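2 protein chains.
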Amino acid sequence: MQIAYLLYDRFTALDITGPHDVLNSLPVTESVFVAERSGPVRNESDTLSLVADASLTEVPSPDVLVIPGGFGTRALLEHEPLLDWIRSVHEGTRYTTSVCTGSLLLAAAGLLDGAPATTHWLARDLLGELGAKPVPGRVVEHGKILTAAGVSSGIDMALRLIQIEFGDEAAQAVQLGIEYDPEPPVDAGSPEKAPQPIVELVTATYRAQDSGTQSDA
Amino acid sequence: MQIAYLLYDRFTALDITGPHDVLNSLPVTESVFVAERSGPVRNESDTLSLVADASLTEVPSPDVLVIPGGFGTRALLEHEPLLDWIRSVHEGTRYTTSVCTGSLLLAAAGLLDGAPATTHWLARDLLGELGAKPVPGRVVEHGKILTAAGVSSGIDMALRLIQIEFGDEAAQAVQLGIEYDPEPPVDAGSPEKAPQPIVELVTATYRAQDSGTQSDA
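Read top to bottom, the protein sequences are chains A and B. Take 20 as the starting number for the first sequence in this note's numbering and just add one per residue. Take 20 as the starting number for the second sequence in this note's numbering and just add one per residue.
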């Protein structure tokens, strides 16, 4: 089972390494990090590079596609070479998945028209503008498309994929292997749980970081 | 506040990108990925490369050190150039931290003699053999040293560091930003919670992957 992890300028690292370290725990998977051009790809805060070991043309038919989010998605919403590849690959996948604002690219490619999907809570409106039906939920399943909410939710999405494809015991084994028994020291992981001033602070901070590239700002 | 993220051959990606994406959410931090030599560093399953942007000598005095785990730790337990750097850097840090088997390197450097610490649940015995006092806990604090349990626990460790240093509201804002509201589809994230056959399966799998380099196998 070949799994393609898409990279692009200004992606979010945890969005893609979370699912990778979950899915890669299974001995039956083959991982390939892919971008328009092979080589180092810089993350959204310009603090790290992950290497794309292959270019898009070298990975025409993965079984699973994982698209991370990141501030870089906004610059790609009309970038046909990438959207064409996503559309083409999707025809043959067993699962097409996204984390965070990665679902904006699925929507821009026309794969989520009218379909229930999720994204980072701050991008829900934009996801709707792109034709999807934003719904609550940390992992939203629509046929073979799995979309996950913000950043860390890719871990849950990948575990759910394993559960669907390989069963509960496989998911349990992977969860135990990565010791995924969360104990956050505070409880503000969603806009519904966080105090309102914190929601406003994070909203303002993200809007500022995203300025110039976000069409719904 | 400069944060050094250590890379070495056969590290675990989520161990280091988890803390990075948490700590890097704060505008007051500067991130640097560091390894003995700068350039791409391959992870433990040979499926991805993260780039070290600096060599050890270029990062003599970070404020925070984050050491990830990975099967590669075992080959470094007597590697003095790295252990010397860890000891030297630790003298000036505000926090010295590890995720998963990264604590084996702290112990090998002599920084955990008799100190309470944690690691991946499968490496607890080895951590004790190296002089530390393995204790239960997802994040264990001992003065300025924070050790975290397996792989995904680095997210909780980094949030705890933010809570200690910057307060509850900063931790809440970061948690909301990465939408860390975990919903694993199964409940087997620790050896205490997982069914016994799953614990045995994961133990056997990890021992096999680690063969040839693990001294307690």
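No lab work stands behind these hints, which were simulated from the structure alone. Don't take each hint at face value.
No copy labels: a pair is met if it fits in one copy or bridges any two.
[Stated by the list, open to error] Quick list of in silico lysine to aspartate or glutamate cross-link-like pairs, EDC-like style, CA-CA up to 16 Å:
1) LYS212 to ASP187
2) LYS212 to GLU188
3) LYS212 to GLU99
4) LYS212 to ASP65
5) LYS163 to GLU184
6) LYS163 to ASP82
7) LYS163 to ASP132
8) LYS163 to GLU219
9) LYS163 to ASP28
10) LYS152 to GLU55
Quantities reported herein were computed from a predicted structural model and do not represent experimental measurements.
Taking the hints in turn, this is what the structure says about them:
1. Only between protomers do LYS212 and ASP187 lie at most 16 Å apart by alpha-carbon distance; the minimum there is 14 Å, versus 29 Å within a single protomer.
2. For the identical chains of this complex, LYS212 and GLU188 are inter-copy neighbours only, at 13 Å across copies versus 31 Å inside a copy, given an alpha-carbon limit of 16 Å.
3. Taking identical chains as interchangeable, the C-alpha atoms of LYS212 and GLU99 are never at most 16 Å apart, the minima being 38 Å within one chain and 47 Å between chains.
4. Taking the shortest alpha-carbon separations for LYS212 and ASP65, neither the intra-copy value of 30 Å nor the inter-copy value of 39 Å comes in at or below 16 Å.
5. Taking identical chains as interchangeable, the C-alpha atoms of LYS163 and GLU184 lie at most 16 Å apart only when both belong to the same chain, with a minimum of 11 Å there against 43 Å between chains.
6. For the homomeric pair LYS163 and ASP82, the shortest alpha-carbon distance inside one copy (11 Å) is at most 16 Å, but the shortest distance between copies (45 Å) is not.
7. In this homomeric assembly, LYS163 and ASP132 come within 16 Å of each other (Cα to Cα) only inside a single copy, at 14 Å, whereas the closest approach across copies is 51 Å.
8. In this assembly of identical chains, the alpha carbons of LYS163 and GLU219 never lie at most 16 Å apart, being 35 Å within a copy and 32 Å across copies at closest.
9. When the C-alpha separation of LYS163 and ASP28 is checked against a cutoff of 16 Å, the pair qualifies neither within a copy, at 26 Å, nor between copies, at 35 Å.
10. With identical chains, the CA atoms of LYS152 and GLU55 are never at most 16 Å apart, being 28 Å at best within one copy and 48 Å at best between copies.
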